[in-house]
Amino acid sequence: MSGTSNPALVLAVPSKGRLQENASAFFARAGLGFAQQRGERNYRGTIQGLADVEVAFLSASEIVAQLASGAAHMGITGEDLVREQVADVDGTMELLTPLGFGQASVVVAVPQAWIDVATMDDLDDIAEDLRVRQGRKLRVATKYINITRRFFAAHGVTDYRIVESLGATEGAPAAGTAEIVVDITTTGSTLAANALKVLDDGVMLTSEANLVASLKAPWGARARKAARAILMRIAAEEEGRKLREVRACIATVDQAFADTLQARHEARLPFGVQAPGGIVTIHCPHKAVFDLVDDLTAAGATDVTVRSLDYVFRQDNPLLEKLLRRI
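First residue of the sequence shown? That's 1 in the numbering used here, and the numbers climb one at a time after it.
It should be emphasised that the hints constitute simulated quantities derived from the structure, not laboratory data.
Incorrect hints may have been included.
[Said to hold, decoys possible] Beta-carbon label-pair distances, calculated as ranges:
id, residue 1, residue 2, range
1, Asn6, Gly49, 18 to 24 Å
2, Arg326, Thr190, 36 to 42 Å
3, Arg149, Ser61, 16 to 22 Å
4, Thr119, Pro285, 36 to 42 Å
5, Thr187, Gln36, 28 to 34 Å
6, Ile145, Val273, 57 to 63 Å
7, Ile145, Gly171, 16 to 22 Å
8, Ala154, Ala299, 52 to 58 Å
9, Gly135, Arg44, 52 to 58 Å
10, Arg307, Gly176, 20 to 26 Å
11, Glu164, Arg264, 50 to 56 Å
Glycine is no exception: its CB is placed at the ideal position from the N, C-alpha and C atoms.
All chains, please: the whole structure from these sequences, using the hints.
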């Protein structure tokens, strides 16, 4: 990290695997391509065109540690790791935005043979029965020790002990090392293949990759300037991805009609209600496109076109505002 009182922004991103590929693609879509300097011990890199950013390529777990300590300003990692590794998430970090990849759920799964066990209350009964009849506690195999303790406490389940999993957690019941598991899953197919089922109220956390900011990092002028540039592009790409631009030839559009389109389709006319040359431009969510076109044609519009948008830059930036409120 260059400098001491006014360091560059350190952005920690996954160093390998699918998360790394998805993170690189996400930033590239926002015009923020990574340039990795291979051969260095900690894999440092840069963002093309942004001089005040240093990219640190780390494991997902290391990213959380760097954010928690303030060694990194921003990072990409799973919410499950954040919630597991950091005791005071709200006091040390700000989850700025989910990134649309790395989706998975941390769940409580029990043997399918336990046909009368469908909820956490049922599990509490099983745990109590094991203690009374066999004099031992229900064994829970998991890598998510802290999340498990908080979730079980919230449901009043106390007669259990955690068996820390170092390998394939879902195999613990079959191996006889635990009765149930707390594990992360995307489809549930691996759990089912091991004769396990998820409790009806056993989804502890729905996680995905997030852009996370550290509240302990040194947010000097250089880091804030870089964060503004990064978040401006990310917000513009996100806005462009969820909108469509509709253009139509129409004789007149008054404010009342514009207000109707806003109310019915969450539409906005970024260039106003005037239609120079008879052309009006409208932005709307992609799901509302066809209903909006119906209303335009009913109002006399012709030659309606629809296109995707790469970026939509707005004066306000909710991601930046969210960060600045905390630092």
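Here's how the hints hold up against the structure:
Distance hint for Asn6 and Gly49: a CB-CB separation of about 20 Å, consistent with the stated range 18 to 24 Å. At roughly 37 Å, the beta carbons of Arg326 and Thr190 sit within the given window of 36 to 42 Å. Restraint check, Arg149 to Ser61: a C-beta distance of roughly 19 Å satisfies the suggested window 16 to 22 Å. Checked against the given bound of 36 to 42 Å, the beta carbons of Thr119 and Pro285, roughly 37 Å apart, stay inside it.
About 32 Å separates the C-beta atoms of Thr187 and Gln36, a value consistent with the hinted range of 28 to 34 Å. Restraint check, Ile145 to Val273: a C-beta distance of roughly 58 Å satisfies the suggested window 57 to 63 Å. Judged by the Cβ atoms, the range 16 to 22 Å given for Ile145 and Gly171 holds: they are separated by roughly 18 Å. Checked against the given bound of 52 to 58 Å, the beta carbons of Ala154 and Ala299, roughly 53 Å apart, stay inside it.
The hinted range of 52 to 58 Å is satisfied by Gly135 and Arg44, whose Cβ atoms lie roughly 55 Å apart. Take Arg307 and Gly176: their Cβ atoms lie about 60 Å apart, and the range 20 to 26 Å is violated. Taken as a hint, the range 50 to 56 Å holds for the pair Glu164 and Arg264, whose Cβ atoms sit roughly 54 Å apart.
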